[in-house]
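Colleague: Here's the letter readout for the chains.
Protein chains: 2
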Amino acid sequence: MKSYKELSREELKRLQKQLSKAYEEAKGKGLKLDMSRGKPSAAQLDMEMGFMDVLVSSSDYRTEAGLDTRNYGAMDGIPEAKELMAQMMGVASAEQVIVCGNASLSIMYDTVSRSMTHGILGNTPWCRLEHVKFLCPAPGYDRHFAITEHFGIEMITVPMTAGGPDMDMIEKLVAEDESIKGIWCVPKYSNPQGYSYSAETVRRFAALKPAAKDFRIFWDNAYAVHHLYEEEQDEILDILSECEKAGNPDIVYEISSTSKVTFAGGGISALAASRANLDEIRKSMTIQTIGYDKINQLRHVRYFKNLDGLKAHMMKHAAIMRPKFEAVLKILNEELGGLGIAEWTNPRGGYFISFEAMDGCAKKIVAKCKDAGVALTGAGATYPYGVDPKDSNIRLAPTFPTMEELEAAADLFVLCVKLVSVETLLESRRQMEKKAC
Amino acid sequence: MKSYKELSREELKRLQKQLSKAYEEAKGKGLKLDMSRGKPSAAQLDMEMGFMDVLVSSSDYRTEAGLDTRNYGAMDGIPEAKELMAQMMGVASAEQVIVCGNASLSIMYDTVSRSMTHGILGNTPWCRLEHVKFLCPAPGYDRHFAITEHFGIEMITVPMTAGGPDMDMIEKLVAEDESIKGIWCVPKYSNPQGYSYSAETVRRFAALKPAAKDFRIFWDNAYAVHHLYEEEQDEILDILSECEKAGNPDIVYEISSTSKVTFAGGGISALAASRANLDEIRKSMTIQTIGYDKINQLRHVRYFKNLDGLKAHMMKHAAIMRPKFEAVLKILNEELGGLGIAEWTNPRGGYFISFEAMDGCAKKIVAKCKDAGVALTGAGATYPYGVDPKDSNIRLAPTFPTMEELEAAADLFVLCVKLVSVETLLESRRQMEKKAC
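Chains as they are written, first to last, in this note's numbering: chain B, 5 to 441; chain V, 5 to 441.
Any given hint could turn out to be false.
Given that identical chains are not distinguished, each listed pair holds provided it fits within a single copy or across any two copies.
As the list claims (entries may be wrong) - Result set (DSBU-like, lysine-lysine): computed pairs, CA atoms no more than 30 Å apart in a straight line:
#: 1; residue 1: 394; residue 2: 367
#: 2; residue 1: 287; residue 2: 394
#: 3; residue 1: 287; residue 2: 368
#: 4; residue 1: 17; residue 2: 394
#: 5; residue 1: 36; residue 2: 287
#: 6; residue 1: 287; residue 2: 43
#: 7; residue 1: 25; residue 2: 438
#: 8; residue 1: 287; residue 2: 374
#: 9; residue 1: 287; residue 2: 315
Note that these hints are calculated values from the structure, not bench results.
Build the full structure now, drawing on both the sequences and the hints.
Modeller: Shown next as structure tokens:
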């Protein structure tokens, strides 16, 4: 394939005409497809129908230690659920874990909220400070950025690389600026790029020397067991152990959930941290809740039995998801490979493919897709404040549609990418000619 | 029975000796009983074992409108759960309701927390104000008071009467003091007295004219359907409708849950409020959560079907709980009736009996019970800051123990009440004689 940038103006114009015609035809089809969010498909959900039937008789409701999960008590989670979640997250000990409700997002929101109103380990509550800032590796997860924006926390973008965020920049910033209180991380199969942090990155995180004593790494290990392949699985170091070794035990909160293991919204979530951090959080939890849903915690333990059970289960998800990723990647490769107008990631896990269009093209591509009936994540969503400075990143979420829908959506997507790219190249040629005159 | 106050010093001394001996004997029995918290008994929990089996096939997981409850979506609750909770709370329309997670306590905590960080309907966030105060009808619910204390909100005690809190005092205080931002209420079968607010009380609440625009009534309708008797059931007016009629639609948040309907910790909770309040809360919810556990919401709807199903179910609870309340009340009547040393309430619903000892006796009674192996709610817990100014109120929670345990606990309790009362009377006689000298 010839790169679009090498095409003459006449060639580009011919191509534009062709592509416009194809786009108008596609529009006429009345598509209604959704590649916008990382949602499990119906096939994935149907697969776990046995999940609801694992608790049946009244003795089933008791933990190994004899606690009745149907009653009050065990505010920070039943022991066997702590164990399962510790294993899932790759945390050394269940004592480092508390198990919460159905959404890890709530753990993160509550943690930021509590830091605002009560501060962390004796430090000034953030709501009393003039400036509070967070570092935001980007492209990243829009809902992380939404939390910090909601609380009026200033966000500073940090570029991502395939081995994790730019650590030189992070080390420098946190050492200099006491108002930097946190950083959002998705260390494994990152949202949206599917990158996993290298051992060096994890160790440099663990060894950070922030000016702020209440600086915290929000380590959202959302895709800890969400591999797409049986072989070739990414693994990351256990951040809690590394922080301990580095003499920095309190610097990190690790969060995860089973929303994309069992049911989205019907799973359980967990927080892993040092004893000092957990003790502080438990104090606040006794005020906030009478305890989370322990029946659902026990249900998870009974269904998976152990980490092996959980891993085997995740391979069933992979069997459904992998062909979808591969289908989208195949279309991207065949249709856009060699054209010099886009790059994309090739993740081995997680829920997304990250797509880089030419600068200034992302919004137009998403808008064109929308007009033709294909919903994508809003352009800019992967950056703080919803503003992608280069307007180039698009997050593709291939899991929810059926295979047929997905292929139709991807076909339309590449068509829009081509059309917007050609139009942009033509426009930039016009601008250059103008300047030349 | 002769009132203790009419007994001579010699008679009191003889009685003290007798009671001390009986107490020492009781202590020797090595009891280990718990009347401290409003927990359902195992018998109540076993009764709902069919609850877990109502969702079985994959089509079962869809709402009437076809939404798959196993996936993301319907952040503020599925329509049929809103309907059920509206009916349970006695709220006119399901549109006034959002359905949340497993704990109404979390709704209340989150609402106060959000008011601290973001303010209510455009008013200054409470964390930026010098003084924030709450009115606290007492005796009341310790966990309410714990939330306001946690956020550094000053608590002002308002006396309770059988028809609700002292409305004269409330009307005056809220009209005068702009820093009073809220009041905690348990309007039906109040915790711990089991009082229900009269129609006049509800109407006066609805018609309040607070100085603070962001004053809110936290209407914790925790025991909306928790009657002990088939006949003789308390009913209260719908506060939301009354507030609307009074031109005060935004003044109230009503909260409830099914923690004591289905499973403690495994239920669903709901918040009812005006459109303006709910819209504001929904905005914040989209940041805090991806949505609550909709599978559990649907499970509740399928299990109860409608309000009649739910009411019938609550009568099964009553059948187990009523004999326990009656057993405790019988022992109180037989052992303490006419002695002039105590009063207690005779509730028709809820989870508690409120006991008034002689002034200065509550702490000693609770300590004596504890020493002999019977756990009661801490004396003072029913007042703000855990300080009962008269040290007289004790909350009795008869539901959790078996009947046999309960009778043993109540026997010990009345023994301790008598002993502490006699000792207190003897001490006050001594003090009076001293003064006379």
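Colleague: Now tell me, hint by hint, if it's right for this structure.
Modeller: Hints, one by one, checked against the model:
1. 394 / 367: within (10 Å within a copy, 68 Å between copies)
2. 287 / 394: Between copies only: 29 Å across chains, 44 Å inside a chain, cut-off 30 Å.
3. 287 / 368: The answer is between: 28 Å across copies meets 30 Å, while 49 Å in one copy does not.
4. 17 / 394: within (25 Å within a copy, 89 Å between copies)
5. 36 / 287: between (48 Å within a copy, 27 Å between copies)
6. 287 / 43: between (34 Å within a copy, 21 Å between copies)
7. 25 / 438: Within. Shortest intra-copy distance 28 Å satisfies the 30 Å Cα cut-off; inter-copy 107 Å does not.
8. 287 / 374: Between copies, since 24 Å is at most 30 Å while 47 Å is not.
9. 287 / 315: Classified as neither; 34 Å inside a copy, 36 Å across copies.
This entry does not satisfy hint 9, going by the numbered hints stated previously; all others are met.
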